[in-house]
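Asker: Okay, here's what each chain looks like letter by letter:
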Amino acid sequence: KAGVTQTPRYLIKTRGQQVTLSCSPISGHRSVSWYQQTPGQGLQFLFEYFSETQRNKGNFPGRFSGRQFSNSRSEMNVSTLELGDSALYLCASSPLGGETQYFGPGTRLLVL
Amino acid sequence: AQTVTQSQPEMSVQEAETVTLSCTYDTSESDYYLFWYKQPPSRQMILVIRQEAYKQQNATENRFSVNFQKAAKSFSLKISDSQLGDAAMYFCAYMYAGGTSYGKLTFGQGTILTVHP
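For the record, the sequence lines run as chains A and B.
Residues in the first sequence are numbered from -11 upward in steps of one, following my numbering.
Residues in the second sequence are numbered from 51 upward in steps of one, following my numbering.
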């Protein structure tokens, strides 16, 4: 089976812009989780989607949002980018959401 | 709230030797999973090993094994016969197995492992 894929792999934006990141889960996996990784805060959970519904959400401002499509592909959006949003964004998929997660290669976002 | 603590920011080991990475966690739940993930310089997060809390037997995957002490809330990773390819950041992670905590892993701060030839 193909692994989790994320696009784009690298992105440079300026403050105030918005960005959309995409994640395609492993075939058959219906749960997609998103994480932000920074040197200062480490790995932090953003949100989880299952069958097009957000079931769980981390402690991030409303500028961070996401959605999931009927084919389980997921997107996350960050509006009004801030310098502090520069990070590696990882998505992970699992069959149902309550077990082992498999990660994609990540999208590295740089906000200037 | 659940927390995961890795007290060793950095560890080093000689090739072919054995190294143990430490992890402690705090939770009031009894049903959960614990994981070790490896993140090499490519930044791809790779699953190393998983442990279900209800299982008393320690998980083993080839050269990787864990020492799971549920009462002490301790979950250490032992790497035997270390190889150069084991060099990476290692993360300990916790997931609650019930309720509404769907799809949420709580990670420790990570331990950088260096393997010397």
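Careful: at least some of the hints might be erroneous.
Stated by the list, open to error - Among the chain A residues that face chain B by a calculated CB cut under 10 Å, a handful are: (1) P49; (2) G50; (3) L84; (4) P93.
Claimed, not checked - Using C-beta positions, here's what the derived DEER-type ranges look like: (5) G46(A) with K105(B): 25 to 31 Å; (6) K128(B) with S67(A): 42 to 48 Å; (7) E60(B) with R96(A): 19 to 25 Å; (8) P83(A) with M61(B): 42 to 48 Å; (9) T(-5)(A) with P91(B): 19 to 25 Å.
Keep in mind that the hints were calculated from the coordinates and are not lab data.
All C-beta atoms in this analysis are idealised placements derived from N, C-alpha and C, irrespective of residue type, glycine included.
Asker: Run every hint past the structure and note whether it holds.
Answerer: Taking the hints in turn, this is what the structure says about them:
Interface restraint check for P49(A): the shortest CB-CB distance to chain B comes to about 18 Å, outside 10 Å, so the restraint is violated. Contact between G50(A) and chain B, as hinted, is not supported at the beta carbon level, the nearest pair being about 19 Å apart and thus beyond 10 Å. A hinted interface residue such as L84(A) counts as satisfied when its beta carbon comes closer than 10 Å to some beta carbon of chain B; here the least separation is about 9 Å, so the hint holds. With its C-beta approaching chain B no nearer than about 5 Å, P93(A) sits inside the 10 Å limit, and its interface hint holds.
In this structure the hint that G46(A) and K105(B) lie 25 to 31 Å apart at CB holds, the actual value being about 28 Å. Taken as a hint, the range 42 to 48 Å holds for the pair K128(B) and S67(A), whose Cβ atoms sit roughly 45 Å apart. A hinted range of 19 to 25 Å holds for the C-beta pair E60(B) and R96(A), which are about 23 Å apart. Remark: the range hint 42 to 48 Å for P83(A) to M61(B) is contradicted by a beta-carbon distance near 33 Å.
A C-beta distance of roughly 21 Å is found between T(-5)(A) and P91(B), which places it inside the suggested range of 19 to 25 Å.
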